[in-house]
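Please build the complex by placing chain B on the supplied structure of chain A, with the hints as guidance.
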Amino acid sequence: MCLCLCCVVFIFLILIFYMKMMMGSSFPEEVLEHVFSFIERDRDRNAISTVCQSWYEIERWSRRRVFVGNCYAVSPVILIKRFPDVRCLELKGKPHFADFNLVPEGWGAYVDPWIEAASKAYPGLEEIRLKRMVISDDTLKLISKSFKNFKVLVLSSCEGFSTKGLAAIAADCRNLRELDLRESEVEDLNQSSGHWLSRFPDNYTSLVSLNIACLNSEVSFTALECLVGRCPNLRTLRLNRAVPFDRLAILLRRAPQLVELGTGEASDLRPDVFSPPDVFSNLLGAFSGCKELKSLSGFWDVAPGYLPVVYPICPRLTSLNLSYAATIQSSDLIKLASQCQNLQKLWVLDYIEDLGLEELAASCKDLRELRVFPSEPFGAEPNVLLTEQGLVSVSEGCPKLHSVLYFCRQMSNEALRTIARNRPNMTRFRLCIIEPRTPDYLTLEPLDVGFGAIVEHCKDLRRLSLSGLLTDRVFKYIGTYGKKLEMLSVAFAGDSDLGLHHVLSGCENLRKLEIRDCPFGDKALLANAAKLETMRSLWMSSCSVSFGACKLLGQKMPMLNVEVIDERGPPDSRPESCPVEKLYIYRTVSGPRFDMPGFVWTKDKDSALGLS
Amino acid sequence: MEVGSKKEKKMGFEETELRLGLPGNTGGSEGEVARKRGFSQTDTTTTVDLKLNLSSKEATAAGMNLNEKANTLQKEKNLLATDPAKPPAKAQVVGWPPVRSFRKNILAVQKGSSEESEKASGNAAFVKVSVDGAPYLRKVDLKMYQSYQELSDALGKMFSSFTIGTCGSQGMKDFMNESKLMDLLNSSDYVPTYEDKDGDWMLVGDVPWEMFVDSCKRVRIMKGTEAIGLAPRAMEKCKNRS
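Protein sequences, first through last, are from chains A and B. Counting from 1, one number per residue, gives the positions in the first sequence under the numbering used here. Counting from 1, one number per residue, gives the positions in the second sequence under the numbering used here.
I should point out that these hints are in silico values taken from the structure, not numbers from a laboratory. You may find that some hints are simply not true.
What follows is a set of in silico ranges between Cβ atoms, one per label pair, in the way DEER data are often shown [unchecked claim]:
(1) S590(A) to R100(B): 22 to 32 Å
(2) R574(A) to K197(B): 53 to 63 Å
(3) G205(B) to S281(A): 42 to 52 Å
(4) D495(A) to K197(B): 52 to 62 Å
(5) G305(A) to K197(B): 15 to 25 Å
(6) S130(B) to P519(A): 42 to 52 Å
(7) K223(B) to Y441(A): 58 to 68 Å
(8) K197(B) to D42(A): 50 to 60 Å
(9) R100(B) to E533(A): 22 to 32 Å
(10) S130(B) to D42(A): 48 to 58 Å
(11) D206(B) to D366(A): 54 to 64 Å
(12) R100(B) to L385(A): 39 to 49 Å
(13) E210(B) to E445(A): 42 to 52 Å
These numbers were taken from a predicted model, which means no experiment stands behind them. We put the CB at the ideal spot given by N, CA and C, even for glycine.
Chain B on its own, in the form it takes in the complex:
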């Protein structure tokens, strides 16, 4: 994963090369199989670790283009294979129709939030995810996951190469593995929250997963010290967790 890069991933041949892609942030680039199964496979985990190490070096290299870059989820959604549950609409041809990547992204983003159905890949529910202290946000498609745990794992991988809290010039590789981040996320230091359709900030985990996906507009993983102003019940749950 190229940290910070929102570069387009090359199409077509990468479908076979994306063995190194992170299932979480490459959104199905592994193909239908990875998408459905989530991250329970140990082999994907090992390749994911490899990827992280690689990407740390890449990230510190001064902006040189290297072969493996992260996809943007939207692009993957648009271009790659279909959900296995539905018959494939048609084979996606690489680079056809000849539309520039930034155009595809724009439309996907706008459609994603309005849950417009796309023939090839079904509904998408893109939301912004911010982690307090991380230098920038990410976008995830909630429809890619089946449970809170899957989402949590995905986010863990996605943000694991950030230094949370500090942003030194070399600070891109402070989290050696995602389990450290997972601990942090699971601890009372960080509180996962989301903004729902009504504009209220809620604690993640209260409602059934499907209901969450339907109502979530954006996600913020905030520092516990800043978790003021949440709905009282949420605060209580917060305390109960610690």
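If we strip away everything but chain A, and leave its shape as in the complex, we get:
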């Protein structure tokens, strides 16, 4: 429907432009501005800004929402100059592989300079969303003091701050609606002024969403209860492990209007010790009272016997995250999942097994996204009966399934072909076969044709992660068929530079490419240097790219930052032919960055130091 609206608006704009051309007069700016306000997508706004100078001006003054996919691609100064009145700022920092500890600490992605600049330029800023960035307590304090109408703070996989910073946000952001710390690392500093949650003033009632699931620290239940009780618009509450399961009932009764809930830890819930039968019925009653609840997560250490307390709400659930529930085994998972007929998103551990996925395929016909995480990722032997069959079942039974993340230990070309044919609507397919370079277990061949089938049949595929035994052939398929592919993750694959060349030359819409432990070297990279300017970033680690090639690339392509990340010491202390440890290349309009740690080298570093 949004698309229709955009189309209508576009047509209207084209008409205006036509009329302007024909009649030589233009519409008042206010009209254009009003029309532009319906255009939300960055790509669309970028497009209309190129029509003519006056449209460019109107558009830039009216852009309220800015997304910067790589914080080093542009600088705060440039941003503020072009867009003087931004209300919502979204920034991403470290490369994706930082999630798996491949980016050394201290690499960068500090948000402080951005907020410093924003505090002066954007007093009306309302929303800040960060991903994989480093933010300090001082900056959090600055946010709380600078933006009077501040409403939304989302810190996804961020670090560098503590509960002290959170206390500042709580205390001073009077209009805060959303505080979401998803998967961030937060240091717990015991505050003499009390728990940070209690810093929300007594007359503060505007909380809509609170996600503190990642906090390792204790939580003041009293403060939490009071907060939940006085915020009538609260719809999302994701608790951390410190909130005991049995007290959940209290919170649920205070906020029966909740739409999204993440439970705390349930390990202390031992039926024989703590006032037992009451707890169960209490929880059951509380859950039954939540008529709006659609999303559930948490469930750390919950005893399977307590799962039935959520049965009343299962039919309404659209999203279920059981990926932390290591205590729930297959049969209980099946019982739970089979009651969630309206489930659209399921994140689960591989305890669900093939049998559970088969059951899921039969019961949850509206399933759109499935993620199966490994319970023992470092075990050499399989500990559960989860194979490629589970994924095949779901691909057969769930017609709307389009997003998959699947960890398993065996795969076959046949299974991949079946999945591809079943689900041509697949848009995100991430398969992780746990042991690197595992071949097709039936034929012992590489999995090239299987993944080839995926890219061939799934014409709308935007994201793909490969694993298993793969030769250059799979990259040929990807280059040939992966025309809509935007993000590709590769590990322990390929034979030669030809593989990389296929991808860089074939995938027209490629934005992010991340590669580790592949025999890709200088040739493909240098031959496709121009391609790199059309992408957001390229990551290569434990490959065969030489320092000489990096230097050359940096010199050839001034619009790229070519970062060599090498903890063995300065790269020029080794021969130029020596492969670098890690390489991160990204396009930028703001030139070299000046916050690089010692283990990061770019061509500008040498010149800055006055070296050759």
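Relative to chain A, chain B alone:
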């Protein structure tokens, strides 16, 4: 040691860099050798001291990421080299499989308490350790140590940068060295206790080490003044110590 940080330590290259890691709280990041030998080596002691000084500065710096951070034990257990007594299961590849660190921790913690065996590192027995007055708790894997003395040394190092009793805003570096803390721990001011499988609070040191590891659920180093309600025999032992 970054005080208070439960940050993930970077993998792989740190194996060579972890010369500065505390054997106690980095749980074997030094490699098999340190793990088995405990803390009797003087060279590790000196590097440990260095580390402590560094970390005090780090701790007072306003949350900036610096290179050396403490590992969480669970993570180390999962990811690093194997026990020398057993043949290594396989070489752990850095960042593979691509599982986020907080997921690894969750599973390790849950498995640790149920003594689930992990192929690479054998049984783990993680217990929470609290010291009265310290701002937060730590988790240790009891299977890492062979005796009460080793555990005591490890805990001493782990908690040595806390100010026990006060929690001022600058109070992160009041214990200059771990021997001061050791004295405190060994004195009658503090009583090491643990909760056993039956839920009773016992005095540490009564039973043989292996039996202790099997039955211990959590450890609390409590102030002597609060050591009320312990089993009578424990109280007696307490008095005998002073």
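Honestly, do R100(B) and L385(A) meet the 39 to 49 Å range at C-beta? The hinted range 39 to 49 Å is violated for R100(B) and L385(A), with Cβ atoms some 24 Å apart.
Does the Cβ distance between G305(A) and K197(B) fall inside 15 to 25 Å? holds (21 Å)
Is it true that the C-beta distance of S130(B) to D42(A) lies inside 48 to 58 Å, as the hint says? For D42(A) against S130(B), whose Cβ atoms are near 50 Å apart, the range 48 to 58 Å holds.
Distance restraint hint 42 to 52 Å, applied to the beta-carbon atoms of E210(B) and E445(A): holds (50 Å)
Is 50 to 60 Å respected by the C-beta to C-beta distance linking K197(B) and D42(A)? holds (58 Å)
When you take the CB atoms of R100(B) and E533(A), is the distance between them in 22 to 32 Å? The hinted range 22 to 32 Å holds for R100(B) and E533(A), with Cβ atoms some 31 Å apart.
With 53 to 63 Å as the target window, see if R574(A) and K197(B) comply at their CB atoms. With a Cβ separation near 56 Å, R574(A) and K197(B) satisfy 53 to 63 Å, so the hint holds.
Using the C-beta atoms of K223(B) and Y441(A), is the stated range 58 to 68 Å upheld? holds (59 Å)
Do D495(A) and K197(B) keep their Cβ atoms within the hinted range of 52 to 62 Å? At 55 Å between Cβs, range holds.
Lying within 42 to 52 Å: is that true of the beta-carbon distance G205(B) to S281(A)? This hint holds: roughly 44 Å between Cβ atoms.
Can the suggested window of 42 to 52 Å be confirmed for the beta-carbon pair S130(B) and P519(A)? Cβ of S130(B) to Cβ of P519(A): about 50 Å, so the range 42 to 52 Å holds.
Does the Cβ pair D206(B), D366(A) satisfy 54 to 64 Å? holds (59 Å)
Figure legend: structure checked against the earlier numbered hints; the only hint not met is number 12.
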